[in-house]
Amino acid sequence: MSGAFAKPHIRARIAGAALAIMAATGAGTASAEETIKIGSILSVTGPAAFLGEDMKAGMEIAVEEINAAGGINGRKVDWVFYDAESQTQKAMSATRRLLTQDRVDMIVGGGSMSGIALAMAPMAEQAKVPFISTEGAMNIVQPVSERKWAFKSTVDDDSVLDRIADYLAKKDIKKVALLADSSGFGQSATEQMKLLAPKRQLDVTYEAFNPADTDMTAQLTRIRDSGAQAIICWTVTPAGVVFLKQAQQLGLGDRTLIHSYGFVSQRYMELAGDAAKNLLLVSVKFPVGDQLPDSDPLKPRVQELIQKFQKRYGRPPNQYVAQTYDAIQLARLAVEKGGKDKAKLRDALEAIAGYNGTGGTFTFTPARHSGLSKDDIVMLDWKNGRFNLADYR
Amino acid sequence: MDNASTVLQLLFSGIGTGSIYALVAVGFNVIFKSTDAINFSQGEWVMMGGMVAAATVTASSSPVWLACLFAVLVVTAVGLVSERLVILPIAKPTPLLITLISIGLAICTKSAVMLTLGKNPAGYPGFAGDALVTVAGATVHSQTLWILVITAAFMVLAHLFFEKTVLGKALRAAAADRDAAALVGIKARSTVMWSFAIAAMAGAIAGTIITPLTLTSYDAGTMLGFKGFSAAMLGGLGNLYGSLLGGLLLGVLEAFASGYISSHFKDAIAFVVLLLILFWRPVGLIGKPVVEKV
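Residue numbers (the numbering used here), protein chains in the order written: chain A, 251 to 643; chain B, 496 to 789.
Because the hints were derived from the structure by calculation, they are not lab data. For glycine and all other residues, C-beta sits at the position ideal for the given N, C-alpha and C. Don't take every hint at face value.
[Unchecked claim] If you want the footprint, here are the derived chain B segments under chain A, 3+ residues with CB under 8 Å:
#1 610 to 619
#2 624 to 638
#3 749 to 759
[To be verified] If you only want the chain B side, here are some residues facing chain A, beta carbon under 10 Å, derived:
#4 Gly509
#5 Thr512
#6 Ser685
#7 Leu708
#8 Ala715
Put together the whole structure using the sequences plus the hints.
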């Protein structure tokens with residue numbers, strides 16, 4: 251008897267639960283249609299934390315700006331953020347989460363480290379979700395045939411090295427040393443330099459160090475003996491300060507010392523002190539936005555971001571902020587044209603041409619998924635406590 | 496690359512780094528002697544020394560040596576308090592338990608520094624500014640000489656402390672035989688506290704004197720800890736003079752490995768040599784085998 255009573259009761263409960271679930275999912279799809287879901291992964295802790303915090307701030311300010319203006323074609327941005335903790339494994343599980351649980355429309359930001367972005371790109375590729383990387387290495391978006399869904403908002407190492415070669419040609423320097431760290435960032439530069447050197451008639455000595463190294467006496471002694479007139483250092487770690495100090499120590503201070511765009515940091519310059527006085531840095535235009543000629547289309551965009559950022563965070567932004575701010579803006583451009591359809595979003599990204607961001611002028615083509623070019627790169631120096639434009643074009 | 500000045504240049508950089516490894520190794524040894532445990536927060540104390548000194552220099556613009564002294568005091572106090580907070584409450588402090596707890600302590604120390612002093616790399620000028628000194632054709636940073644002098648002074652003082660003072664002798668007695676020491680009135684638990692304080696002090700000194708050369712950041716401690724541990728193993732765990740020998744040997748090996756082979760293999764070569772020496776002499780270069788009488 252009790253069984254007969256129980257049955258309809260349970261059935262009713264199940265039906266009720268099913269209804270509740272339907273209602274919940276119904277509501278879910280309704281709200282998902284109104285918003286555009288962007289997933290981001292950066293490293294705000296771990297060794298890359300010093301980049302990640304600024305990169306995250308750049309995204310925050312872009313998302314807030316878009317939502318304050320009423321969203322993209324009426325769709326608000328629903329921004330999902332995960333910390334990769336500078337670990338590829340963590341970033342990969344976060345990516346899986348973004349793809350399967352959060353079901354984002356697009357991923358912007360590849361963990362603040364090239365190595366992480368390299369691991370994320372194939373996952374986005376497989377899931378056919380557009381991925382805008384804010385990291386440096388070229389092979390995040392190359393070869394394009396295997397990276398149909400990956401784009402990046404940063405400069406390519408080959409353009410940067412080509413730009414350095416232009417400068418060296420101006421100064422009539424032929425013998426060069428490249429001192430790169432053994433991370434993905436440094437290795438990529440070494441590979442590209444090996445391709446570029448014969449084309450630009452450069453005689454290059456290659457040296458390497460570990461990102462955590464605290465002593466470069468051995469490498470610098472060999473470079474000194476090689477007679478290189480210019481030394482290019484490629485790292486984002488504090489080891490770059492050790493390089494500057496020890497270069498002075500070993501009497502290399504009178505040669506042309508060049509740091510990569512990964513080292514354009516006020517903090518590092520202050521730590522290097524006097525050792526940075528005749529250093530050159532290759533960089534995007536952002537750090538010297540106010541010194542650009544008025545004819546440069548980037549100038550107003552850069553100044554606008556600097557003001558907004560200063561107001562929101564109470565400190566001046568750096569180029570990493572620009573890198574991620576631009577990436578979100580690129581996503582916005584894509585959504586304006588492509589809506590929520592992932593394939594259309596991808597096509598819209600690929601069709602972006604001549605967009606003036608804060609880090610440079612972006613043009614994507616089906617053959618090239620890196621938006622920036624050699625014209626977006628300048629040479630800086632560090633004098634009077636700030637970065638200055640040393641060589642415009 | 497073959498000339499004498501290059502060899503000397505590498506030797507100086509090796510001895511400089513090696514001195515730091517030696518100081519870190521002293522920390523490992525002191526705690527190992529008193530607890531039989533490996534203290535994995537040793538490296539974090541090194542990092543903390545550098546970070547606190549850097550923050551002090553920035554905040555108060557006091558002279559570097561004063562900031563370093565202050566940092567050493569702070570970290571020594573942290574070592575002492577850490578022991579009182581997490582080791583003392585344990586009813587039965589077995590070596591394994593202390594080792595495990597020290598890993599937790601390391602993570603907490605690192606996080607605390609990250610949250611209070613930030614994630615940016617930090618540094619300050621050397622005791623004599625950034626002056627350079629030329630020694631027989633090799634140019635060295637004046638701070639390298641300071642490192643050598645301070646390490647030597649610390650080693651001599653540590654020797655005198657353990658050989659001549661009552662507290663030092665008590666620590667050695669407790670390390671040699673806890674029960675017998677307890678019988679003559681030495682409190683084993685307070686010797687553990689002092690060993691933590693001394694270890695933290697050794698770490699902090701290493702951290703404050705190396706930071707002008709290498710900079711530091713909240714995550715720099717782990718690697719220094721491993722290197723110091725290797726140096727302690729190399730010399731013979733629990734042996735003060737072994738620390739010095741192991742540290743210097745490891746530092747010089749690394750410098751020459753990166754100078755003549757490749758800096759990619761620098762760490763690998765140092766660790767391979769460590770393994771080989773331990774195969775040949777499991778107790779380390781000047782460690783004595785412990786004979787357990789049953």
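Tested hints:
Judged by the Cβ-Cβ criterion of 8 Å, the segment 610 to 619 of chain B is covered by chain A as claimed, because 5 of its residues qualify and three suffice. Only when three residues or more bring their CB closer than 8 Å to a CB of chain A does the claim for the segment 624 to 638 of chain B stand; here the count is 5, and the claim holds. Proximity of the segment 749 to 759 of chain B to chain A, defined as three or more residues with a beta carbon under 8 Å from a beta carbon of that chain, is established by the 7 residues found. Interface restraint check for B:Gly509: the shortest CB-CB distance to chain A comes to about 8 Å, inside 10 Å, so the restraint holds.
The restraint placing B:Thr512 at the interface with chain A holds, with a minimum CB-CB distance near 6 Å, inside the 10 Å limit. A least Cβ separation of about 37 Å between B:Ser685 and chain A goes past the 10 Å threshold, and the interface hint is therefore violated. Among the interface hints, the one on B:Leu708 holds; its C-beta lies about 7 Å from the nearest C-beta in chain A, closer than the 10 Å criterion. A hinted interface residue such as B:Ala715 counts as satisfied when its beta carbon comes closer than 10 Å to some beta carbon of chain A; here the least separation is about 8 Å, so the hint holds.
The structure shown violates just one earlier hint, number 6.
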